[in-house]
Amino acid sequence: MRAKDKMNYMKRILLIGIIAGLCSAVLFAENAASFNASTYKNLLLQVDQALAVLDTDVSAEYLIQKRDPGGATSTTKSTVFRRDAKNQFLVLILEPVIDKGKGYLKIGDNLWLYDPVGKTFTFTSAKERFQNSSFRNSDFEPSHLARDYEPLSAERVKLGTYDCTLLELQAVTKDAAYPKMKIWVSDDTLVRKREEYSLSGAIMRTIAIPSYQKIGNRWLPASMVIIDHLQSKKIGDKVEYERTTVTISKPSLKALPDTVYTKEYLERVAR
Amino acid sequence: MKILQLAFRNLWRHPQRTLFISSLVVIGSLFITMATAILDGATKGLETSLVGSLTGHLTLAAPTEEAYGLFGSEIPIVSDYEGIPAIDEGKRIFPLLGEIPGVSAYTSIVSCIASVSLSGFTQKSVVFGIDPATYFSVLSDIEILWGDPGELNRGGIFLNERWAKQAETQLKRPPAKGDSVVAAVASRGTFRLRTFYVAGVYRYKAPSDTLDRVVLADPTLVRSLVNYTLGNGSLATEAGLDNRADTSSGSIDDLFAVNQDIESSSTPGISLQSVESTLQDTKQRDSLVAVDHAAWSFILIRKDEHASIHKVKSALEKVLKKNNVQIRILDWYTAAGSNALMLFALKAAFNVGVLFLVLGSLMMLINSLVISVLERTGEIGTLRALGAKRFFIIRLIVMEILVMSLGSAGIGIIITKVLLHTISSVGIVLKNPLLIGLFGGALLRPQLELSFVCMFFIGILLASLVASIYPIYLALSISPREAIHEGEG
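So the protein sequences, as listed, match chains C and Y.
For the first sequence, the residue numbers in our numbering are 1 to 271.
For the second sequence, the residue numbers in our numbering are 1 to 489.
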């Protein structure tokens, strides 16, 4: 009798186990179905396409205003010429006056710095800070999210007035500026906010793009706010971070001559 | 003489104890003298390599709150390079230096840390803009391997031999005369690039990791690189500081409260022509970047061979004070920076260790002498009963302790001398780059100075006298009657 009870008890446990297993399998299958990586990879492609200008050049004036945590503010005004189809850009500094004519030229994978006073070029990394602000040289480049990242998770969230898809991304190429990233993509496939992380998961930068400007049927950021989490200072009870505001004005999609993206042009124009 | 004989006899009566204490003193002396010899050798090596190659005996620098040497700030910098402030009063200082007795030569340099590239080889280097007419007479341990130093006033750069060899390993060819060298400095939110040409190669007499990073260059170009310019005073202009910057500090998510997207098709875009015309006018910039030819980072002073460095320094201080010149005077080790200072810190730590060792030994010596006196209570009492005066007893005990301690210390020093003679003939070969930098060369030759030996014996003498106070007190408190009574019992 006792043995029979024990047997029944075991059967019951087994049954519960099987039911629990089936339930979790169903739930897991449902989750797997709700996160379809290829769908979100597609979304990344759409994001890249919305910001890429492949059939002409982009010209604009960038005003980069940096405020140190609890300290001084500084401003750099520069002109940017960009040719996404060939992965080229040219940045010419207009202000401050002492830096007038300094240039950054990206041709393919090479980024050159030019100092008109020394009439000298040197080579640098695209990941370097631009004029020591939180803006990086790589931020002048077009978006390559679909190429450099794969989505790990996705969820629908609200960001102020925007309904967004929050994507968690992981770098898949060594060209990626950051190993991990979170992006908030609004329904018009524009990235509204970005959080960039190190490999260990520490937050490095937060970028907000609160406004875009439409030129024809193309979108360009109109303003960006960058918080650099690595540059901080405790002021009273509050931790302040370096904050850089980028205002992009006078955009133009007029085609430019090929010679613009050459060292010779840079030498000639920036005397 | 009789006292000496008695002291020897007393020590001989307890050979085990005498041998034990003597061995301790011998080992202690050996340790202290060997370590001092090694550290002195290292200091001498570092001094020889740095004074004759890098710093001179004394260095003058602009007065600032922050400590810095020839290589810049001693505070580790994480992101941005802080330049070295220029000496403003160079023109007033140079004539004064000629008046100071003991100063044999002086020169001035501009110093900066830059990323220096030769073809595909890039290395973070210390760039010294020098005056070739005077630099090599102050720093006489620098040997020119090839090239005309005069070209250092015409855009040239002299690479040091090791720098050139590192470049050669990567480029698969030695640097040649006329090769372009680009130096880049990133500082205060901007960058500056200057091109030099290879004009020669030089060698340091005692190369080290510190010296290997140095290259010598045209001072005007280095001034321009380090921003010793007429516009340097205007910080706001340089870094682009102004009041246009956004000062809002609200939450970043607040920026999305309303849709701010705009249609830009109506506004005129920027044109290539407008940018080109803006860049054509460079008058204001050119006036700001004009080099201040009188600006120097440091003045290096070499003293006469026989002049005392302290006397020269004090004369210099007096003359500068009299003429109301605000300047900072650095000793060679302060100017050389952390490497030299680390050695001095090591010496200070060692001296503290020695102090503890001496105190321990002293306690042991006192203890052993007290036991020795207590064992000889009867003998001392009998001597007193036979008419020996107090002074005789004092002399006897002091003599015993001096014979033992000075004798053992002497043996320790003789062993050290023998060991050092063997070591010094070949030297201690250092392979660790950190130690090479710290000790100023790859070959360390320890040396025992006569002055240290004298000081050491004086120290032992004083310690022995201190150690004998309590045993003497004990010995003198023994009364002859009690001692004889104790002996009978």
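Hints were generated in silico from the structure; no laboratory data involved.
Don't be surprised by glycine CBs; every beta carbon is placed ideally from N, CA and C.
A few of these clues could be false.
Straight-line alpha carbon distances no greater than 27 Å define the calculated DSSO-like cross-link-like pairs of lysine-lysine that follow [to be verified]:
#1 Y:Lys177 - C:Lys119
#2 C:Lys263 - Y:Lys124
#3 Y:Lys347 - C:Lys250
#4 C:Lys174 - Y:Lys124
#5 Y:Lys91 - Y:Lys124
#6 C:Lys119 - Y:Lys311
#7 Y:Lys347 - C:Lys263
#8 Y:Lys347 - Y:Lys283
#9 C:Lys263 - C:Lys214
#10 Y:Lys311 - Y:Lys44
#11 C:Lys263 - Y:Lys177
#12 Y:Lys124 - C:Lys119
Here are some of the chain C residues that sit facing chain Y, going by a computed Cβ distance under 8 Å [unchecked claim]:
#13 Leu92
#14 Arg136
#15 Ile227
#16 His229
#17 Val239
#18 Lys250
#19 Ser252
| said: Check whether the Cα positions of Lys263 (chain C) and Lys124 (chain Y) lie no farther apart than 27 Å. | reply: With a Cα-Cα distance of about 25 Å, the restraint between Lys263 (chain C) and Lys124 (chain Y) holds, given a limit of 27 Å.
| message | Quick check on the hint: Arg136 (chain C) CB to chain Y CB, less than 8 Å? | response | Check failed: Cβ of Arg136 (chain C) comes no nearer than 13 Å to chain Y, outside 8 Å.
| task | Could you check if Ser252 (chain C) really has its C-beta closer than 8 Å to a C-beta on chain Y? | result | holds (2 Å)
| request: Could you check if Val239 (chain C) really has its C-beta closer than 8 Å to a C-beta on chain Y? | output: With a minimum Cβ separation of about 12 Å from chain Y (threshold 8 Å), the hint on Val239 (chain C) is violated.
| query | Does Lys214 (chain C) lie within 27 Å of Lys263 (chain C) when you go C-alpha to C-alpha? | reply | violated (31 Å)
| message | A closest beta-carbon separation below 8 Å is what the hint needs, so does Ile227 (chain C) meet it against chain Y? | response | holds (6 Å)
| request: Measure nothing beyond the straight line between the CA atoms of Lys174 (chain C) and Lys124 (chain Y); if it is 27 Å or shorter, mark the hint as holding. | output: Measuring from Cα to Cα gives roughly 25 Å; hence the hint holds.
| message | So, as I understand it, the hint says Lys250 (chain C) touches chain Y; can you test that by seeing if any CB pair is closer than 8 Å? | response | holds (4 Å)
| task | Quickly compare the C-alpha distance for Lys119 (chain C) and Lys311 (chain Y) to 27 Å and report which way the hint goes. | result | violated (48 Å)
| Is Lys177 (chain Y) within 27 Å of Lys119 (chain C), Cα to Cα? | Given that 27 Å is the threshold and the Cα spacing comes to 20 Å, the pair holds.
| said: Hinted pair, alpha-carbon criterion (27 Å max): Lys347 (chain Y), Lys263 (chain C). Please report holds or violated. | reply: Violated - the C-alpha atoms of Lys263 (chain C) and Lys347 (chain Y) are around 55 Å apart, more than 27 Å.
| task | Would you check the hint for Lys91 (chain Y) and Lys124 (chain Y), treating anything up to 27 Å between C-alpha atoms as holding? | result | violated (31 Å)
Checked against the numbered hints above, the structure violates hints 3, 5, 6, 7, 8, 9, 14, 16 and 17; every other hint is satisfied.
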